[in-house]
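There are 2 protein chains.
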Amino acid sequence: MKNVRRPVIAVLIFALLGFNASLRSVWSQNNSTQLDGFTAAGSATERNWETEFRTIPEAASAREHLRRLTAQPHVAGTKEDYDTAIYVRDQMRSYGISSELKEYDVLLPYPRQPTIVELVAPRRERLALKEAVVPEDPSSSNPKIIPLFNGYSATGDVTAPLVYVNYGLPPDYDALKKVGVDVKGKIVLARYGNSFRGVKAKVAQDNGAVGLIIYSDPADDGYMQGDVFPKGPWRPATSAQRGSVQFLSTSPGDPLTPGTPAIPGTPRLKMEEATTLTRIPVQPISYGDARRLLEPLQGPLRPRGFQGGLPFAYHVGGTAGVRVHLKTDMDYQVRKIWNVISRIEGAEEKDRWVVMGNHRDAWTFGAVDPNSGTTAMLEAARAFGGLLKKGWQPRRTIVLCSWDGEEYGLLGSTEWVEENATELKQKAVVYLNVDVAVSGANFGAASVPSMWKLIRAATRDVPDPKTGKTVYQQWQDRTRDDSPDAELADAETGSDTKIAEARIGALGSGSDFTPFLQHLGIPSSDMGFGGDYGVYHSAYDDFYWMSHFGDPTFMYHVTAARLWGTIAMRLADSAGLPLDYRDYATQVREFFAESMKTARQRKLTSGIDEKQMNDAIDAFSSEAEKTERARQDAIAQPRAGARLQRINDALIAVERDLTDARGLRGRNWYTHQIYAPGTYTGYAAQPLPDFRQALEDRNTVNAGEALNRIVEALKRATETLRKARD
Amino acid sequence: MKNVRRPVIAVLIFALLGFNASLRSVWSQNNSTQLDGFTAAGSATERNWETEFRTIPEAASAREHLRRLTAQPHVAGTKEDYDTAIYVRDQMRSYGISSELKEYDVLLPYPRQPTIVELVAPRRERLALKEAVVPEDPSSSNPKIIPLFNGYSATGDVTAPLVYVNYGLPPDYDALKKVGVDVKGKIVLARYGNSFRGVKAKVAQDNGAVGLIIYSDPADDGYMQGDVFPKGPWRPATSAQRGSVQFLSTSPGDPLTPGTPAIPGTPRLKMEEATTLTRIPVQPISYGDARRLLEPLQGPLRPRGFQGGLPFAYHVGGTAGVRVHLKTDMDYQVRKIWNVISRIEGAEEKDRWVVMGNHRDAWTFGAVDPNSGTTAMLEAARAFGGLLKKGWQPRRTIVLCSWDGEEYGLLGSTEWVEENATELKQKAVVYLNVDVAVSGANFGAASVPSMWKLIRAATRDVPDPKTGKTVYQQWQDRTRDDSPDAELADAETGSDTKIAEARIGALGSGSDFTPFLQHLGIPSSDMGFGGDYGVYHSAYDDFYWMSHFGDPTFMYHVTAARLWGTIAMRLADSAGLPLDYRDYATQVREFFAESMKTARQRKLTSGIDEKQMNDAIDAFSSEAEKTERARQDAIAQPRAGARLQRINDALIAVERDLTDARGLRGRNWYTHQIYAPGTYTGYAAQPLPDFRQALEDRNTVNAGEALNRIVEALKRATETLRKARD
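Sequence order for the protein chains is A and B. Residue 111 is where the first sequence starts when you use my numbering, and the numbers rise one by one after that. Residue 111 is where the second sequence starts when you use my numbering, and the numbers rise one by one after that.
One should not assume that every hint holds.
Since the list gives no way to pick out one identical chain from another, each pair is judged satisfied if it fits inside one copy or across any two copies.
[Claimed, not checked] Straight-line distance between alpha carbons at most 30 Å, and here's what the computed DSS-like set of lysine-lysine pairs gives: (1) Lys254 with Lys460; (2) Lys736 with Lys825; (3) Lys833 with Lys499; (4) Lys437 with Lys535; (5) Lys721 with Lys500; (6) Lys437 with Lys713; (7) Lys721 with Lys707; (8) Lys579 with Lys287; (9) Lys287 with Lys576; (10) Lys713 with Lys189; (11) Lys563 with Lys707; (12) Lys825 with Lys288; (13) Lys294 with Lys721; (14) Lys446 with Lys500; (15) Lys288 with Lys576.
Note that these hints are calculated values from the structure, not bench results.
Isolated chain A, as found in the complex (with noise of 0.2 Å):
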């Protein structure tokens, strides 16, 4: 406790004290940079709505809105989640925002039993599957916490002998081939990490598996990482992660309206027609509880990998001596959600939305997965508010969405974008996602590389609360920490100019930007301050947890409320969109470059046309390159309107152009050409998505195919910026 109070107490008092002399120095620094997409009125303008705009978002009020969001459990829907709906609406009409709620009917499980776990031999034992009350954290004990289950589990009932897969992924399935062991009819035992759970549950499956126990190995967020709730801030030996088991790689939604919209008159699928549903039970637990059944297992030492952080050797199992009986009992049910939408008009052009969006529902109390980007969220349109207030209006209209069924598998946000395609294709400008804003002070983001210089341009222009530099500053600084040789010749000059730009990552999957980007084409980014975080779906995700190791100044929801509000305004207000292309081309080719490097080392290159793919790039490249001139110029001038506005218009249907509507080989819902999460991922981005599952498969003939379908999307992308020029 007291290792913990220290860093706190030290932040309070720079909060109280420093924070906003450096937020204004920081202002100062960056005000005589003309903003990007604006002329030099537009921008000194816009400056100043921006530093009225973050002076408003405060610690006091994001304390309280985290407080009301996290009072109860509130799983999407149930009566809780719905409470919440009600707060986020009534809260956003209180700041003169109009807002409503939307309904959909989807599929949504809950236990209708506690499921059982008992290891069967070498002695019978059933698993507590039940995370402690914790004495300090009041809400622990709440009754109405959901007990351990995996959202979208099937119900079963299996007695089998266990083997234990390591992270039940292709390659550890291959390993445990290689000692002879074979998963069929058996239950496996497989970690949390290093993919999406459904995953998991996919490839258990297709292996044979019956059942399916996953758990969370003290190596990955438990004591191996630090201190563990509520000493610290990890996992502790009761805490299991809940989570859907959805097949996200194939597509997000309800399970029973793939495509279509889960609302009144959508034809529904049957259970068993679902393609995104596992047969098999699947469930969550402790590394308390797997330690029961990890250490009798007999069979083949792990092999290299397998150790997790157990105090003592692994072995995979897969012998008759032990056994496990697993049984789930899954109440499903079609049931409603409430997504939350909120709208700011705009004043010139109502028609280009900036959607900004964050879910709401949480497995337990979501202090920090989602409810902390709930308050961000409140907090920004609580200063959107302040600005209407004061006669500010955006050129383009603001949309808020507050997503519910996020956790089960993008249902609010999948069912609406579906519902509303056709309109989302002609007036969505971007989409803003944030999921958790804050777990911690370290700065993260993706997004289509169109955007990575508007964020960092955000980034610059807001103080990082505790080390009181800019929150890119912060941010680069950490990439060099991370980076050992790059510190090596840091070291020597003291400068920072041997790091590039802080890096912005690929967009996968695993929260809502997914519809908009990977389905229509929508550019998106999500972004958020992580931290040491091991409570991740689990009971003590909660109020307690957030206030003593998350954010106890609350400070960094307010940073983060700041910033997201800030690149919304940028996009909403600008005259010319700040999106730039040549970023998007760069990425491309090192994507196509390294996804080559694997075709020669695999010596899978003959069906591959390199030079087309590299001439499509070049043309891109060139004609990004003439566009953002060309934008620049029509910005400069005052009676360019119509000419910026084709501009403007291309700028966001070159990533529509991405998308193909064949979609992707297996999953065709997936139609974006460069970004889909990775079939064996989820959660990570598999860029140049079926070219490179293509090369993974070895299959040149696809592999040939896949390559013609993005150097298409690029011409039809270069096309739409040529003829903006014309």
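The hints should help you fit chain B onto chain A, whose structure is shown.
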């Protein structure tokens, strides 16, 4: 037990049924190649003798040697140690090889009283410091097993707060300073690994610690590596690592007679004058005991890289709340040790010595360390004896050395080398060390680069018992498996050409090659077969362990004897010595390039004459090339005897040229300019030692000076080669 026995039986069957066939197939395959250093006729004769030689070593005989040698614990200077000397001498004599004991009087401490390590606060708890008796393993209850202690620990009695210092190396203390923890006046707890333990003692003392406790973390050689003894080969909870904490990087050998032989009449330092002894008490403990100290530690959470395998988050301590009492009582005496020196006279060049060596003393039973090596030497000697009876006599003299007191600090070898320095400088061709011959099936070697080709060639002529391939192939396959990139490349081609030659390492220290190579400049090598070995310097390094885990069939002992003897025979019998300095030049060039990379990164290039060094390497390289041609030429010409003799002498002298009598900075016992143990590694080599150390110290003046000495050495070596061709 079951998992262990399966592979054992497989190997046994293979050994019984297939092995002789495989041995012959390896021979016939390679019989066509002419041996380096021999004429065509000479090569054929040599191959016949070698074939004969390699059939003689036998598993049953090896097993019996090991059984006899490990019947009792035999720490240096004890009666049981003397008994093993007599065994070796008598065996040698029984093979027809002359053999004598050679005695030295060296400083040897034994624990007088069992050490006390106890937690004083937050509660009083005395640690067990005792390795458990394992019922299956009869020798584990032997009352003569020496208690857990560190050789050359000081006697001391201290009580102080405890600080966990990770591996106890300089970067660890830097990391502690960053989190505000100072070790001055405290007892430090370090884990074994990443350096020779004497380095940990010196660094602890230099940082002001008053005591050092060293434990074996389960992440390093316990359950995180695999099953623990007696279920598996890794370290169990009560087991700890004995071992010397002499300042080996300063100099090895008797601490009271540095640079001179520890024989009657040699003046001796007082103990307080010795520069290689620690002044603080040092004690090894098990992870079972360490847990009692580590778990209550408070203070900051461990910095990155400090977490080990015990099941809680480590803290670094340093607070008054956790205090430890450490009391050691060492009985320091000058005691006798006994080398056994055996000799096979050379027929034509009896004053050219091919020296083989292995130590015999052990911390307990020494089945692996070192008596697997002693066993291999005895089997090689028995085979030499067999050849002698059939009329073989080596061209040069073979000297077989069984060293004593290696564990305390290379005492037997160092004193013998110091006593015979003048003669060795004239006569020694090479020194072939084997310390641990067998802890598993994986061949590994380190040597001066001039011996690389010779070692590789020999491994191509010896079959690997487990795979039936050659030792070389198994070694190369493993290199490929450990190198994922290469694996990728290879998966396509199926060829093994993607991986260059299997790698031979650089000689650091930690075994008896050090006085030969690094004090006198005698070309040296070290080799053995490694594997999963977690009982290093424990009570369980015994016959039971070896016959269950290390080498149940004893065929790797046989293989080690075959390989070591083959290399010795080629050096002893060849007309032209198979030493190739082209590889040496290449290696020095690589070492220099690597160092210059560091120098450039740190901007330390100012005082460094890079061109001068590159010129010296070029000249050496070109002269090595000419020498090699001259050598081949002289071998082929029947009447070139005198010329070949000059070349042979030069090939030996070159290595002496690489030493500098002024010695290395601050440790002048070490004279070799290319190879020395790292100041902060002990075991691992620090190539171009003074140059690299100066770069570490960021001292450009020292760097320039060190490089000048290396350049001088290379010039001497080049000149020696040049003159041999005159």
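For a quick check of understanding: which of the numbered hints are violated here, in increasing order? 1, 3, 4, 5, 6, 10, 12, 13 and 14
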